[in-house]
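J.: Chain by chain, the residues:
Number of protein chains: 2
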Amino acid sequence: MKGRMMQVPLLTSDILKNAMQRYPQQQVVSRTNEGTIHRYSYADAYRRSCQLANVLARLGVQRGDRVATLAWNNYRHLELYYGISGYGAVVHTLNARLFAEQLHYIINHAEDGYIFVDAPFVPLLEEVREQIPCVRGFIVNCDAADMPETSLAPLYCYETLLAAENDQFEWPRLEATDASGLCYTSGTTGNPKGVLYDHHSSVLHAMMSGGSQYLDFSERTCVMPVVPMYHVCAWGVPFSAPLYGAKLVLPGPSTDGASLQELIEGESVDKAYAVPTVWLGLHNYLEASGKKIDSLKLVGVGGAASPRALVKLYAERYNVYWMGIWGMTETSPLATAAIPTPQLEQLDPEARYDLQATAGRAMFGVEIGIFDANDDRVPHDGESRGSLRVRGPWVLSSYFKDEGNDNFADGWFDTGDVAVINPEGYLKIVDRSKDVIKSGGEWISSVDLENAALNYEAVNEACVIGARHLKWDERPIMLVTLKQDREYDESELRAALEGRVAKWWMPDAIIVVDELPHTGTGKLRKVELRQQYAEFLINSGS
Amino acid sequence: MKGRMMQVPLLTSDILKNAMQRYPQQQVVSRTNEGTIHRYSYADAYRRSCQLANVLARLGVQRGDRVATLAWNNYRHLELYYGISGYGAVVHTLNARLFAEQLHYIINHAEDGYIFVDAPFVPLLEEVREQIPCVRGFIVNCDAADMPETSLAPLYCYETLLAAENDQFEWPRLEATDASGLCYTSGTTGNPKGVLYDHHSSVLHAMMSGGSQYLDFSERTCVMPVVPMYHVCAWGVPFSAPLYGAKLVLPGPSTDGASLQELIEGESVDKAYAVPTVWLGLHNYLEASGKKIDSLKLVGVGGAASPRALVKLYAERYNVYWMGIWGMTETSPLATAAIPTPQLEQLDPEARYDLQATAGRAMFGVEIGIFDANDDRVPHDGESRGSLRVRGPWVLSSYFKDEGNDNFADGWFDTGDVAVINPEGYLKIVDRSKDVIKSGGEWISSVDLENAALNYEAVNEACVIGARHLKWDERPIMLVTLKQDREYDESELRAALEGRVAKWWMPDAIIVVDELPHTGTGKLRKVELRQQYAEFLINSGS
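Order-wise, the sequence lines are chains B and E. So in my numbering the end of the first sequence lands on 543, straight run, no missing numbers. So in my numbering the end of the second sequence lands on 543, straight run, no missing numbers.
Intra- or inter-copy, both count: the list cannot distinguish identical chains.
Below, simulated EDC-like cross-link-like pairs (lysine to aspartate or glutamate); rule was C-alpha separation at most 20 angstroms, straight line: (1) Lys504 / Glu475; (2) Lys3 / Glu404; (3) Lys435 / Asp415; (4) Lys313 / Glu288; (5) Lys3 / Asp403; (6) Lys298 / Glu220.
It should be emphasised that the hints constitute simulated quantities derived from the structure, not laboratory data. None of the values given here were measured: they were computed from a predicted structure.
Put together the whole structure using the sequences plus the hints.
T.: This is the structure in structure tokens:
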């Protein structure tokens, strides 16, 4: 028997329309690419998104067409999220940190018809222009006066196009399953793969992740997504913040400690989201400058494991709750979070930090499970490791153009992560399946070793990879970068590792390097390092 | 172009499963029908709901079958919400305040196969047993020791049935559009009509109404729905509270001031929901007893217009925020609410009370509009009146068995209410379309007159209806009940009305009565009064 309720799909355009009606005066604050502060309201954002939709009609964009963006976190990018998806096209966020060959691969794969580009990224596109014949036009996200000199053509100015259009638009009543967004994974191996979101998944994700089980937004929240809008949709905050009326602070190109501190204090930001290295950078700046971040109450941290030392530091020095989270491009992206619960607050601080440093628990709508090599369930006992799988209405069912479909099994998406889950449901990512070091048939977690190393104060960042070993097949080696103002002594680092990891996990070599390579999203580029150091132990006669 | 996301329907069983995983220790506190306090956890509720689903299988209940409940707000009723709908059957909540002829009409119309009944309602069913041959069995919601003497047959004991079953159940993966619940409108005219909810509408409603735009639940909330689970699903709180982990206090059969005060203080309730008369009763009790309700921060009030005097009283005497809301059985039921916003807090108190006494603003997912007799939109100017229409994914699209389908137009549901909406979106129900008094071609709002009368302290309750008038067609007459301890003088009441309503709205007669008739859901039974007093003015020679 079927219910008798209206089948009214909720669309991304409904989110901004709702914000315009309920929170017309709520502010969107952006740091522009020129470094100035831009400030307007959700009502303004709505009107300009309507103008933008009229621009798309004038450019001849059709429903379902992919329209790309290559932009920092700022108000025009926000308008693009809504204007493009609300119009019925697909907003394809290009990752600004991609290498040229990945960029033109992705643009061609997506068949992008137009690209809306922030001026600083124009040179990136010039480099690949000849390889992307599908692109019919480039719109530079700036005023007419700021238009750069460029060989890109056909070329348009964002503000000139908008100024010519009406600020009313009748948003089409699309279907819930119509595609709304496209984002490619920044894979460290193989070609990037596209994740194609739809309106149903985007709106459900915003409704649930903006609620008290996760980001916990209301009109009283001031939120700053440092995590980029060109990657994992800035955790969906461009949708969830307007849905619940939070003030939105978009930090533009500047994610250094000084720039973030200025925005946090200036705008009274109380929640902010980024990868761990950003928070390390902010801390270093605060230490050096003596400046404050008193308004900040919570940082959400994903993209890499949470270094426990930073969790503790943020709690004890800044009174900031460090909320470990986990998600992927493939999961819209939010899935699990270690939110501040009444139970956590009652714990001894050290026990609480342990849980904050996990990826937390699955929110309603997301189911997680760990599986062994035989596809059997592994118990949630806090000890047993398994391949992490996830399912739910905002998890992808297949990649765009059906690539990489070996990641799916029995209705689950296989994340490629190895994880443990404790009896309370707290998830801990132990490693990427491919980063686990296989030593004599046993697994060594590179992530655990890296976190343990951060307990030695002289270490700035640590990276552990497997190097070939004649007897054990693979053995761990550790690469570290150092803090400038600290004395380093390898034996002290080894002492810091002892007791924190099993004896047989101890790296066969520890190598100090000047810098470590990162992907466009701040992750360690281990593939590259594994190639470089593959024979290190053999060559050094270990 | 279609997105590529998992089409995973969210089901009511997922809500309680999520609560069992995330909030296993969170409490559900019930006042039993015997007056004692019962206390258990969401984990307990989950296990017993599994047992209940196994009971349904043993009883031969099929997917889509309607299974009725006739029960107060208590833990067994909570288990029935989940056990029946999660099993794939339809939980049909029978209104305990119905008259016998409505009751057997509804049971037959729904074709209920089983009825789960609280012991106090057994006599009600005995009265109609011969008229409801479709019912294959009656389960009394009690322990074996408490089974009542009854002629009802076949008869089962709830606890005996549960005790025989396993506490694990594999919830079926139903479709989002499968029916989950059935509730009949308590129409004051004509036969009741059925609203058939589905899993999609129930879960979306819980996700959104439990968020910061409406009920604003988290693990830190302790919520008491006084509004009955047998009517408008207790505002969906049995779904939204477990979804967000709120402590749930179910007041059972006792909604008098003393019982509610005891639960509020004893359980530290901070949010509670009921019709205005309940809050009047609580206030009267607090005045008489000198007792406190210090934990209470907010009352949500719907089902009838909010008397502004009570809004002010609750703010100034009890420091409780009065949140006017609006919804209907047909809207799942929550649609609009005057939540406490930062903007409201900054208003002058008297201006804030005005807005709190409205029905508030539509939450995301609900669209409201007012229309004139030509189906044209009426402006949202705070002055213009129109027929209120509503649409959204938790609004019905047609009644069960297609009755009353003249309430639908252009994808909207016509509520039968007359309303104004102000430029900020605040909705004010002016009257039921059929309760408006048509005097000389102009409309007089019975509700406005009733609210104005409550400004005179001696008035306990006021009811305004139209009586036939030779010159003006209809003129208002006011029926009032009085407080026992106050002096009443009609000229003082008239003085209280003056300045609050237009001169020509002044009632042609004010009649003191001992009591006023109410519907099963606490609304004034105006149809009855209109018949009784139809010729009052003509007979009295006015």
